[in-house]
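Chemist: Given next are the chains, with one letter for each unit.
Protein chains: 2
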Amino acid sequence: MQITTLTNHISLKRPLEGGNEQQLAVVREVLANVKAQGDTAIRTYSEKWDGVALTDFRVSQGEIDQAVANFDQVLLQDLTEAAANIRFYHEQQHRIGYRLPLADGSYLAQRIIPLEAVGLYVPGGSAAYPSSVLMNVIPAQVAGVKRIVITSPASKNGQLPDAVLVAAHILGVTEIYKIGGAQAIAALAYGTETIAPVDKITGPGNIYVALAKREVFGEVAIDMIAGPSEIAILADETAYADEVAADLLSQAEHDALACAILITTCESLAEEVAEEVERQLSTLPRESIARQAIERFGQIYIAETMEMAIAAVNSLAPEHLEIMTVNAEEDTQKITHAGAIFIGRYSSEPVGDYFAGTNHVLPTNSTARFASGLNVDDFIKRTSIVYYSEQTWKQNAPKIARLARLEGLEGHARAVEARGWEKGEV
Amino acid sequence: MQITTLTNHISLKRPLEGGNEQQLAVVREVLANVKAQGDTAIRTYSEKWDGVALTDFRVSQGEIDQAVANFDQVLLQDLTEAAANIRFYHEQQHRIGYRLPLADGSYLAQRIIPLEAVGLYVPGGSAAYPSSVLMNVIPAQVAGVKRIVITSPASKNGQLPDAVLVAAHILGVTEIYKIGGAQAIAALAYGTETIAPVDKITGPGNIYVALAKREVFGEVAIDMIAGPSEIAILADETAYADEVAADLLSQAEHDALACAILITTCESLAEEVAEEVERQLSTLPRESIARQAIERFGQIYIAETMEMAIAAVNSLAPEHLEIMTVNAEEDTQKITHAGAIFIGRYSSEPVGDYFAGTNHVLPTNSTARFASGLNVDDFIKRTSIVYYSEQTWKQNAPKIARLARLEGLEGHARAVEARGWEKGEV
Numbered sequence: 001m002q003i004t005t006l007t008n009h010i011s012l013k014r015p016l017e018g019g020n021e022q023q024l025a026v027v028r029e030v031l032a033n034v035k036a037q038g039d040t041a042i043r044t045y046s047e048k049w050d051g052v053a054l055t056d057f058r059v060s061q062g063e064i065d066q067a068v069a070n071f072d073q074v075l076l077q078d079l080t081e082a083a084a085n086i087r088f089y090h091e092q093q094h095r096i097g098y099r100l101p102l103a104d105g106s107y108l109a110q111r112i113i114p115l116e117a118v119g120l121y122v123p124g125g126s127a128a129y130p131s132s133v134l135m136n137v138i139p140a141q142v143a144g145v146k147r148i149v150i151t152s153p154a155s156k157n158g159q160l161p162d163a164v165l166v167a168a169h170i171l172g173v174t175e176i177y178k179i180g181g182a183q184a185i186a187a188l189a190y191g192t193e194t195i196a197p198v199d200k201i202t203g204p205g206n207i208y209v210a211l212a213k214r215e216v217f218g219e220v221a222i223d224m225i226a227g228p229s230e231i232a233i234l235a236d237e238t239a240y241a242d243e244v245a246a247d248l249l250s251q252a253e254h255d256a257l258a259c260a261i262l263i264t265t266c267e268s269l270a271e272e273v274a275e276e277v278e279r280q281l282s283t284l285p286r287e288s289i290a291r292q293a294i295e296r297f298g299q300i301y302i303a304e305t306m307e308m309a310i311a312a313v314n315s316l317a318p319e320h321l322e323i324m325t326v327n328a329e330e331d332t333q334k335i336t337h338a339g340a341i342f343i344g345r346y347s348s349e350p351v352g353d354y355f356a357g358t359n360h361v362l363p364t365n366s367t368a369r370f371a372s373g374l375n376v377d378d379f380i381k382r383t384s385i386v387y388y389s390e391q392t393w394k395q396n397a398p399k400i401a402r403l404a405r406l407e408g409l410e411g412h413a414r415a416v417e418a419r420g421w422e423k424g425e426v
Numbered sequence: 001m002q003i004t005t006l007t008n009h010i011s012l013k014r015p016l017e018g019g020n021e022q023q024l025a026v027v028r029e030v031l032a033n034v035k036a037q038g039d040t041a042i043r044t045y046s047e048k049w050d051g052v053a054l055t056d057f058r059v060s061q062g063e064i065d066q067a068v069a070n071f072d073q074v075l076l077q078d079l080t081e082a083a084a085n086i087r088f089y090h091e092q093q094h095r096i097g098y099r100l101p102l103a104d105g106s107y108l109a110q111r112i113i114p115l116e117a118v119g120l121y122v123p124g125g126s127a128a129y130p131s132s133v134l135m136n137v138i139p140a141q142v143a144g145v146k147r148i149v150i151t152s153p154a155s156k157n158g159q160l161p162d163a164v165l166v167a168a169h170i171l172g173v174t175e176i177y178k179i180g181g182a183q184a185i186a187a188l189a190y191g192t193e194t195i196a197p198v199d200k201i202t203g204p205g206n207i208y209v210a211l212a213k214r215e216v217f218g219e220v221a222i223d224m225i226a227g228p229s230e231i232a233i234l235a236d237e238t239a240y241a242d243e244v245a246a247d248l249l250s251q252a253e254h255d256a257l258a259c260a261i262l263i264t265t266c267e268s269l270a271e272e273v274a275e276e277v278e279r280q281l282s283t284l285p286r287e288s289i290a291r292q293a294i295e296r297f298g299q300i301y302i303a304e305t306m307e308m309a310i311a312a313v314n315s316l317a318p319e320h321l322e323i324m325t326v327n328a329e330e331d332t333q334k335i336t337h338a339g340a341i342f343i344g345r346y347s348s349e350p351v352g353d354y355f356a357g358t359n360h361v362l363p364t365n366s367t368a369r370f371a372s373g374l375n376v377d378d379f380i381k382r383t384s385i386v387y388y389s390e391q392t393w394k395q396n397a398p399k400i401a402r403l404a405r406l407e408g409l410e411g412h413a414r415a416v417e418a419r420g421w422e423k424g425e426v
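Just so you know, the protein sequences line up as chains Z and C, in that order. For what it's worth, the numbering used here labels the leading residue of the first sequence as 1, then goes sequentially. For what it's worth, the numbering used here labels the leading residue of the second sequence as 1, then goes sequentially.
The hints are simulated quantities; they were obtained by calculation from the structure and are not laboratory data. Bear in mind the structure is a predicted one, so any value in this text is a computation, not a measurement. Fair warning: there could be bad hints in the mix.
[What the hints assert, rightly or not] Simulated coverage check for chain Z against chain C, where a stretch passes if three residues somewhere in it have a Cβ under 8 Å from a Cβ of chain C: (1) 38–44; (2) 116–130; (3) 181–189; (4) 257–270; (5) 340–347; (6) 399–412.
[As the list claims (entries may be wrong)] Heads up, simulated BS3-like pairs for lysine-lysine below, C-alpha to C-alpha not over 30 Å straight-line: (7) C/K334 to C/K156; (8) Z/K334 to C/K394; (9) C/K334 to Z/K394; (10) Z/K146 to C/K146; (11) Z/K35 to Z/K156; (12) Z/K35 to Z/K48; (13) C/K35 to C/K48; (14) C/K156 to C/K48; (15) Z/K48 to Z/K146; (16) Z/K334 to Z/K156; (17) C/K146 to C/K48; (18) Z/K334 to C/K334.
Backbone N, C-alpha and C define an ideal beta-carbon position, used for all residues, glycine too.
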């Protein structure tokens, strides 16, 4: 890893995988065809791209039961405990509306209403991602969403990975479809003969899924278009180089475009971490991916003071931030921009990816300046309520009419004045 | 207005003003030039499009003082009272983070952090929109945003309307620029020599402003791309036809693409409202706009039962909903999709546009299915925090490592295991 003295100009900006015109054309065709032909189009695309001929997309209860029966009991317990931790953390985000009484029986209120139906895309391919199921479904459940749909591409054998079905089973989700790619997003957004549409689509996917989500945005809500994973580590002389290096690599192994940055006040730590990264890389199963990420977007910065280091972290607004300093708690208070913060040497970032309870769907590409990780509020909406009594109306109508006329909206003024007055009731 | 018997297929979907390729090309050029040339580009575009040659874009304290001195005292009081009502309603949305202690000194937490800087676009042209200033600035202030910037196109005389400056003055906002159009959005997103960039841009504007907001989305946050205004009124035989008609027209006068829908169980009301709309239209200053809206997107539906009527309202998910029925309170409870609800004959919709306290920036085009009006949460972000003690780590590390390996991410497992163990501390 390159070691540089910190300047004021460090950035997390990396090329965002935007897709090309050809990919976009494919996605638009898929969306249009699924919209027009429903299940038939889904079947065609599943056969074409996933290589599976399915008569029924929906996972049966038998398949779920079989997956649970097949599954390692220790892992089942691990997933169950992780789910409980995630639920515990997110339950604190549950919110209720309010009602503000005004004079004369009038009131203002805000109602919190859970979304009716949401769809979660779980990526497939070589690996299974049960943690995606937990991180997306649980906030929706805590919000009170009644219908939660999971969709994920089937393997060549026409099945979904056991781990995904087990995670869904733990959460009680039973509406699961073996559909992947842009056609899955189309099915969720528009509905088909057998799949009712949803109001919001969340979850990560490949470039076709990301483009499809962008295209249906507006028709339904989406979570975010997440970029490659990022970690920044703020460390001083009290940190252990092998731990820092391991954590940098844990994000680098995600994606060749992932970003791993150490910002430290300690020159010897910088040098040791650079060596450790090289040493640990050589035995990593995903060495090739991690090495590309480290070479392209791995950086070690040496800061003169902790203050400068903290300012640099805030300018990065990283997705994940680890703080391994002597005053970690105090330093944490000074962070204004980070998706998630992990404090101290025992809070390695993967603790949050899988288990601690916080969400692992987090803002990337410096968007932590203004965006948040997935949370319960992503699955609710707010409706405002106004009730004005006759007395309150009478008292305020002239003011409201004046304000409307100030903006040149006579129709607004007349609407407010249209009450009792002209019928001689006031 | 056309009167139809209610079927299950009524829709609020109208053409969303998406702009054309030529407009998009203009916007992209403006964004690129402002990014590259800063203030110089702003000056060029202001002269070209607003017809004003400005050396200094920033409104001076003298100009603000002058506007306040010029302003009608009664209107000043009205705006001040409206601001207080809006603040009162939004203060209930202020939220704080939480901290969840775990065993052995470990904890999870969520921090709520206000955005650092936000920019509000206020449209210009023939009219002044002080209510936009109140509705966008106050939630940001309640959230705790420190830097709030207003930008609005100058009139030919190089000034902003007094009403806009007075509204800003009431709220204590002093960073105000006389810049309009796509160049204003560019200045807010990228910054110039004299204008520091912001993290989020809110507020309505013309098609160039809307396209520019879409283009900078990702670089900064934006509120929403709002469509034309909508009102749905749910009414039975207890409603007054002249009041219903006036309220329908109050939204129709906004925009030739606005939508005004009455859903009623009472046939005679339907007929009376149709007549009343025609009668009131003929004396409305904005008759031409309102008439186009009513002819294209005005509808009266007769429902056999109140249940059917309520189901239709929910399928519309209107921006504004008025409920004028004998059991209005009870019926309100059955509404699941609406941006804002106004209950009873004295809660005419303009009450909420200007004065009651609820926000008037609301989801259109049926997006109330999943979206909310502007609120304090739009100006905060959430950061999750994990602190694991050595004990908690020791207890859970094996589980976390197993879950990482289940997903094929060995680097994640090793990071968690890299702690104490390999240094022989555990």
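Chemist: Check whether the Cα positions of Z/K146 and C/K146 lie no farther apart than 30 Å.
Modeler: The given pair, whose Cα atoms are some 39 Å apart, is violated under the 30 Å limit.
Chemist: Go check the region 116–130 of chain Z versus chain C for me, would you? Three or more residues, Cβ under 8 Å, otherwise it fails.
Modeler: Three-residue rule met by the region 116–130 of chain Z, so holds; n is 6.
Chemist: Does the structure keep Z/K334 and Z/K156 at a Cα separation of 30 Å or less?
Modeler: 50 Å, violated
Chemist: Need the status of pair C/K334, C/K156: alpha-carbon distance at most 30 Å?
Modeler: 50 Å, violated
Chemist: Taking 30 Å as the top limit, are the C-alpha atoms of Z/K48 and Z/K146 close enough?
Modeler: 33 Å, violated
Chemist: Can you tell me if the region 399–412 of chain Z counts as covered by chain C, using C-beta to C-beta distances under 8 Å and a minimum of three residues?
Modeler: holds (count 12)
Chemist: Taking a Cβ-to-Cβ distance below 8 Å as contact, does the region 181–189 of chain Z have at least three residues touching chain C?
Modeler: Answer violated; 0 residues pass the 8 Å Cβ test.
Chemist: Quickly compare the C-alpha distance for Z/K334 and C/K394 to 30 Å and report which way the hint goes.
Modeler: Judged against 30 Å, a Cα distance of about 29 Å means the pair holds.
Chemist: Below or equal to 30 Å on CA atoms is what counts here, so check Z/K334 against C/K334.
Modeler: 46 Å, violated
Chemist: Closer than 8 Å Cβ to Cβ for three or more residues is the test here. Does the region 38–44 of chain Z pass it with chain C?
Modeler: violated (count 0)
Chemist: Sort out whether Z/K48 lies within 30 Å of Z/K35, counting only the CA atoms.
Modeler: 18 Å, holds
Chemist: Starting from C/K146, check that the Cα of C/K48 is at most 30 Å away, please.
Modeler: 33 Å, violated
The structure fails to meet hints 1, 3, 4, 7, 10, 15, 16, 17 and 18 from the earlier list, while all remaining hints are met.
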